[in-house]
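**Student:** Sequence:
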Amino acid sequence: MKFDYKKIFLLGFGFFGISLIWSVYNSYVPIFLREYELPLWLVGLVMTFDNIVGITIQPYVGFLSDRTRTRFGRRIPYLMIGAPIAAIFFSLIPVLHLVAPSFTLFITAIIIMNIAMAIFRTPTVALMPDITPSPLRSKA
Numbered sequence: 073m074k075f076d077y078k079k080i081f082l083l084g085f086g087f088f089g090i091s092l093i094w095s096v097y098n099s100y101v102p103i104f105l106r107e108y109e110l111p112l113w114l115v116g117l118v119m120t121f122d123n124i125v126g127i128t129i130q131p132y133v134g135f136l137s138d139r140t141r142t143r144f145g146r147r148i149p150y151l152m153i154g155a156p157i158a159a160i161f162f163s164l165i166p167v168l169h170l171v172a173p174s175f176t177l178f179i180t181a182i183i184i185m186n187i188a189m190a191i192f193r194t195p196t197v198a199l200m201p202d203i204t205p206s207p208l209r210s211k212a
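According to our numbering, the sequence shown holds residues 73 to 212 in order.
No wet-lab data here; the hints were simulated from the structure.
Some clues are possibly wrong.
[Stated by the list, open to error] Computed spacing ranges between beta-carbons, pair by pair:
(1) THR120 to LYS79: 30 to 38 Å
(2) PHE175 to PRO205: 23 to 31 Å
(3) PHE121 to PRO205: 35 to 43 Å
(4) GLY145 to GLY116: 16 to 24 Å
(5) GLY116 to PHE144: 32 to 40 Å
All C-beta atoms in this analysis are idealised placements derived from N, C-alpha and C, irrespective of residue type, glycine included.
I would like the entire structure built from these sequences, with the hints used as guidance.
**Tutor:** Here it is as structure tokens:
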């Protein structure tokens with residue numbers, strides 16, 4: 073049994089990216105939403121959307137990734153699709169807020185980012201046990 077530091081280190085970037093995105097998202101999006109002069113209850117509703125997406129999409133994506141068989145493996149296709157889309161739309165959120173003050177575009181970017189995050193989060197978490205032998209998982 074060999075512990076593959078390179079793979080675990082690279083996977084750590086996935087966890088880091090997920091944590092970083094949610095920290096920034098939860099800090100700044102409510103401020104942006106308030107600038108659209110939304111009532112606080114609606115800001116709270118929009119900020120709850122990621123949790124709703126998480127509890128509905130993530131289990132389904134986990135189910136799919138457990139049964140996926142590709143030349144890239146079971147989890148990687150979901151990372152290859154979800155991570156770039158999430159990164160693009162996460163980056164667009166502040167840009168759309170500043171450049172195109174359309175609430176519809178802003179909310180669309182939020183929705184797409186949340187769905188893309190839900191697509192790649194569960195496979196990212198499930199990838200660690202896939203690439204690490206059981207006795208070495210506590211090190212990972």
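**Student:** Indicate, hint by hint, whether the structure satisfies it.
**Tutor:** Checked hints:
no. : hint                         : in the structure
1   : THR120 to LYS79: 30 to 38 Å  : holds (35 Å)
2   : PHE175 to PRO205: 23 to 31 Å : violated (50 Å)
3   : PHE121 to PRO205: 35 to 43 Å : holds (38 Å)
4   : GLY145 to GLY116: 16 to 24 Å : violated (39 Å)
5   : GLY116 to PHE144: 32 to 40 Å : holds (39 Å)
In summary, the structure is inconsistent with hints 2 and 4 from the numbered list given earlier, while agreeing with the others.
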